[in-house]
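*Asks:* So the protein sequences, as listed, match chains B and X. Using this note's numbering, the letters of the first sequence map in sequence onto residues 213 to 563. Using this note's numbering, the letters of the second sequence map in sequence onto residues 1452 to 2141.
A portion of the hints provided could be inaccurate.
What the hints assert, rightly or not - Straight-line distance between alpha carbons at most 25 Å, and here's what the computed SDA-like set of lysine to any residue pairs gives:
| no. | chain 1 | residue 1 | chain 2 | residue 2 |
| --- | --- | --- | --- | --- |
| 1 | B | K396 | X | D1832 |
| 2 | X | K1807 | X | S1890 |
| 3 | B | K275 | X | S1890 |
| 4 | B | K364 | X | V1680 |
| 5 | B | K427 | B | L458 |
| 6 | B | K357 | X | T2068 |
| 7 | X | K1655 | X | G1730 |
| 8 | B | K357 | X | G1779 |
| 9 | B | K357 | X | N1729 |
| 10 | X | K1968 | B | D508 |
| 11 | X | K1968 | B | K275 |
| 12 | B | K275 | B | D468 |
| 13 | X | K1662 | B | Y300 |
| 14 | X | K1662 | B | E278 |
| 15 | B | K460 | B | G509 |
| 16 | B | K563 | B | G372 |
| 17 | X | K1495 | X | L1691 |
| 18 | X | K1501 | X | S1890 |
| 19 | X | K1968 | X | T2068 |
| 20 | X | K1501 | X | F1612 |
| 21 | X | K1495 | X | Q1783 |
| 22 | B | K244 | X | D1668 |
| 23 | X | K1968 | X | P1881 |
| 24 | B | K357 | X | S1782 |
| 25 | X | K1958 | X | P1881 |
| 26 | B | K364 | X | Y1727 |
| 27 | X | K1968 | B | K364 |
| 28 | X | K1968 | B | Y300 |
| 29 | X | K1756 | X | L1867 |
| 30 | X | K1968 | B | R506 |
| 31 | B | K396 | X | Q1783 |
| 32 | B | K563 | X | D1668 |
| 33 | B | K364 | B | Y382 |
In case anyone wonders, no lab produced these hints; they're calculated from the structure.
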Amino acid sequence: MTLRRALHTVLTLFAAACCVSCMDFGPAPEEKFDFAGRGVFIVNEGNFNYGNASLSYYDPDTKKIENGIFARSNGIPLGDVAQSMTIYDGRGYIVVNNSGVIFVIDLATFRIIGTIDGLTSPRYICFYDEHRAYVTDLYDTRITKFDPATLKITGHIETGYDSTERIVAYDRFLLVACWSYNDKIIVIDTDDDTVCDTISVGIQPSSLVLDRNGKIWVLTDGGYEGSPYGYTAPALYRIDAATRRLEKEFTFALGDSATDLQIDANGETLYFIRNDVWRMSVDADRLPDEPFIRSDGAVYYGLGIDPVTSEIYLSDAVDYMQAGTIARYSPTGELLDRFRAGITPNSFAFK
Amino acid sequence: MRSLLLISALSALSLPLLAQQRDEKPAWSLDIDKVEVVTDRHIKDIGVQKVVMDTVTLHDNIALSLADILTQNSTVFIKSYGRATLSTASFRGTSASHTQVLWNGMKLNSPMLGMTDFSMIPAYFIDNASLYFGASSAGIAGGGLGGAVSLSTRPTDERGFGLQFIQGIGWFTTFDEYLRFTYADEHWQVSTRAVYSDSRNDFKYTNYRKKTNMVFDEYGRVVSFDYPVERNKCGDFHDLHLLQEIYYNSGTGHRVGLAAWYVNSRRGIPMLNVDYRNGADYRNRQNEQTFRGILSWDMIRGSLKVGAKAGYIHTSLGYDYSRATGGGVWSQMTRSRSYVNTVYAAANAEYYIGRKWLFTADVTLHQNFVESRDRNIIRQDGNRAVIGYDKARIELSGYVSAKWMPAERFGISVSLRDDFYGTEFTPIIPAAFIDWVISKRGNVVMKASVSRNYRYPTLNDLYFLPGGNAALRPERGFTYDGGISFRAGGERFSTGGEVTAYDSYIKDWICWLPTAKGFWSPVNIKEVHSYGIEAKADISWRFARDWRLRLDGNYAWTPSINRGDPTNWADESIGKQLVYIPRHSAAVTGRLDWRSWSLTYKWCWYGERYTTSSNETATRFDRLGPYFMSDLSLEKRFAFRRASLSFKGVVNNLFNEEYESVLSRPMPRLNCEFFIEICPKFKSGHRNDR
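Given these sequences and hints, build the entire structure.
*Replies:* Written as structure tokens, this is what we have:
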């Protein structure tokens, strides 16, 4: 009888466990936000193939951070590998690379206003005017053009190159860095949306900015050791946007890692990450000798300059598998705040 | 009941092949004094923490891969993306590459990746699976910092011709077919097996990760939306496996065998549920062709047993990730091709001195030739070039052990292993084991073991472009464990159980991390402390005539903690559970037999799993909630004069759960598969795995 009772108990517990076992899955709740005024969006790219990209929002006045605002506001995750965010005409455009989508959100409520899909591996957007925006793509030979008013794709520009990365507008032209296994800056004439010129720089131009003097600054990463495309020292180039002539070249040491070229609000000071954060005047004739902000063990991954205050926002990816941290510095390099964002914060968008 | 069973040293020493022979006078045996040991304690397995899965477990149904079997029947954690997608095994909170997998003695771990995809191993192709935990893995291979899985096939156990055919038809246009032909006589044993699995695998699911048909009001607010009902995109699979075995037994102590396994797999890799690209314009596929062949020879002379093996593996693996951009043009995101050729050789010897000593030695060689090609690029000079590497590496492993049973109840064993890879030696891998029969009455046995271990980097770790790091050091492990087991009962009621506690440390754990240049690179960074408890129990009870109830359960408590140095002040991963390793897991299988009917219920549970190294739980997208799964099957067998038949229906995900087992990977809700099995009876008998 004892045995029977024991067995009965086991079976009863087992049956109960089966009946109550229900997984926690389904619709996620939605929160209401209303953040009018100035603020900084932080794009957290997440981990490739995890689908855990997220968006954070920071209020520099109150120093309050809200993480996961896209998911909390909309009840769905942002997607897989958020690459960049651009603010245009009161809307936020978030490019989610490996989801092949661009989300358009309201800047105060963070709610989705629209989506643009039909993209291969989108990276960055350049808004040219109210009806023309251009999207670069890591694995498409074409640049996609859409109308910001309707959010409809209006065409493609065949570049002749395997991939395109950062993009800036100058006059009626777009200058686009071809990063992956390439050394070209292509020039697109927006009158007829064709590639009208190319400029050769060093191996793998990863970022570019336009300064107050009409000069394009390009940062190359130099490739990697063993690359069949070549391996050189990273370098910083200055190109005259009007003549498209290479004017200056500043070379780093072989093996250095130089990334994320940014420029301040006045277009007169360049910033980039080379383990530490470095800055130099657009009129400088040589690279700086000392870093502007030392890393002190941080793994700097993203850099943003507030276009109004020229404050510096720096992201630390830590181990790339946990929420990264953001440090906010004054233009003079004074630490103003430090807080956590999402996984692998890579860029900033200033409202 | 007598707690002592008299078994011969033959059964302690002989290969599974021979153990299955039913001749009264075995044609191939070891002629030494009989050794009396308790229950199934073999001198060879002194102190070894080992779980053996037999054909009853492995051949439950043909739709199951070895990953499914391990999930349900062991404390090994399987990370699976769904049927016919990558499934890797983690012992005791370690990573997939810390699990060594051998098939008839030959390594199945990819020399490029270090891991084994268990979804590529049909459970019906394996006749015996032994799981070695922690230190015990050192006895069969080096580098098993978590453990090792030894898989083997064996010849038919019935004389004459045998034929078995199983057809399965399931939801999502799934077809599973299995055919086995066997023949055996006094000297020859031949077996031919084929498995073909084909499915669209396009199950429907409600995608709570997307919203569609959003309607906005005049203020731009969403007033209505739908969660789209989508199909699993690009999840189709078409897997063919062929296995040919031929064995010759001389009857004079020699045996020669040949086993050849061919795999042709064409699989889609399902899209994430956060992917907004159109499945029709999207190609994400993995095609694999693999051949594995082993020629073996064994001989027994007196107290000596020696064996030698020679083998070859060829794997051709292609992965394509592309998107149609219109006009028949496809944008290639990834187009990788890898070709692996491995030559294998092994020799082993076992020597008994009296009844108390056993000495073993073996040496194995794997010579790998790997060609890995990724993207095709245009160089600056206009010529085309391929990114990849072409490397060869020799991997040698030598092992010696001495096992001693000074008393009937007590055994002790020590072993040494050393691995050589490329031009480097790992440090010596020592291991020690003891076991002690505390009580003969309940067959209560205590076991303990301790070992150091090393795993050297894979070829991708060292040479992959971009990112390979030739300066990597081997990972270093130290582990010890102790456990107690019992077994009691008789034909009417029997029960058994085992509890093991373990503690292990891995230093210089290799992790791939992103670099500032946009690619990932491996570094020796992490230190992990893994400890916990594994428990298992089973009951078999014939509570009435023609009725039998079997319950088999396991539970694991698996803290696997990052004890490395923090990356910087902000690092919150120290002291936290590793990503995707559940702290708690359990599974129970209940089977009720009545005459020729069998009802089987499977229940499996994992606790919450984290997807961040800091174990954040702020939103539901940061973690995977507890996982519960229930499957049910009903089988009816018929025995006719000329054939036996079996009908089986399986309901997977009985409670129709909506869930993800891995972030952003949808899984199917309730689904069914029906199987019919036919075994013609030939004049000289028929085989039956049951």
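*Asks:* Against the 25 Å threshold, does the CA-CA distance of X:K1495 and X:Q1783 hold or violate the hint?
*Replies:* 53 Å, violated
*Asks:* Quickly compare the C-alpha distance for X:K1968 and B:D508 to 25 Å and report which way the hint goes.
*Replies:* 20 Å, holds
*Asks:* Given the hinted pair X:K1968 and B:R506, is their Cα-Cα distance within 25 Å?
*Replies:* Holds: X:K1968 and B:R506 sit about 19 Å apart, inside 25 Å.
*Asks:* Mind checking the alpha carbons of X:K1807 and X:S1890 for me, to see if they're no more than 25 Å apart?
*Replies:* The given pair, whose Cα atoms are some 20 Å apart, holds under the 25 Å limit.
*Asks:* Given the hint that B:K427 pairs with B:L458, test it: the Cα-Cα distance must not exceed 25 Å.
*Replies:* OK: B:K427 and B:L458 at ~10 Å, within 25 Å.
*Asks:* Given the proposed pairing of X:K1662 with B:Y300, does the C-alpha separation stay at or below 25 Å?
*Replies:* 24 Å, holds
*Asks:* Within a Cα-Cα threshold of 25 Å, do B:K364 and X:V1680 meet the stated pairing?
*Replies:* 24 Å, holds
*Asks:* So if I understand the rule, the pair passes when the alpha-carbon distance is 25 Å or less; does X:K1495 with X:L1691 pass?
*Replies:* Measuring from Cα to Cα gives roughly 36 Å; hence the hint is violated.
*Asks:* Taking 25 Å as the top limit, are the C-alpha atoms of B:K563 and X:D1668 close enough?
*Replies:* 24 Å, holds
*Asks:* Quick one, are B:K364 and X:Y1727 close enough, alpha carbons at most 25 Å?
*Replies:* 15 Å, holds
*Asks:* Assess, step by step, whether the Cα of X:K1968 is no farther than 25 Å from the Cα of X:T2068, and give holds or violated.
*Replies:* Given pair X:K1968, X:T2068 is violated - Cα atoms ~30 Å apart, limit 25 Å.
*Asks:* Tell me if the straight-line CA distance from B:K357 to X:S1782 falls inside 25 Å.
*Replies:* Between B:K357 and X:S1782 the Cα gap is close to 17 Å, so the pair holds against 25 Å.
Of the numbered hints stated above, those contradicted by the structure are hints 3, 6, 11, 12, 15, 16, 17, 19, 20, 21, 23, 27, 28, listed in ascending order.
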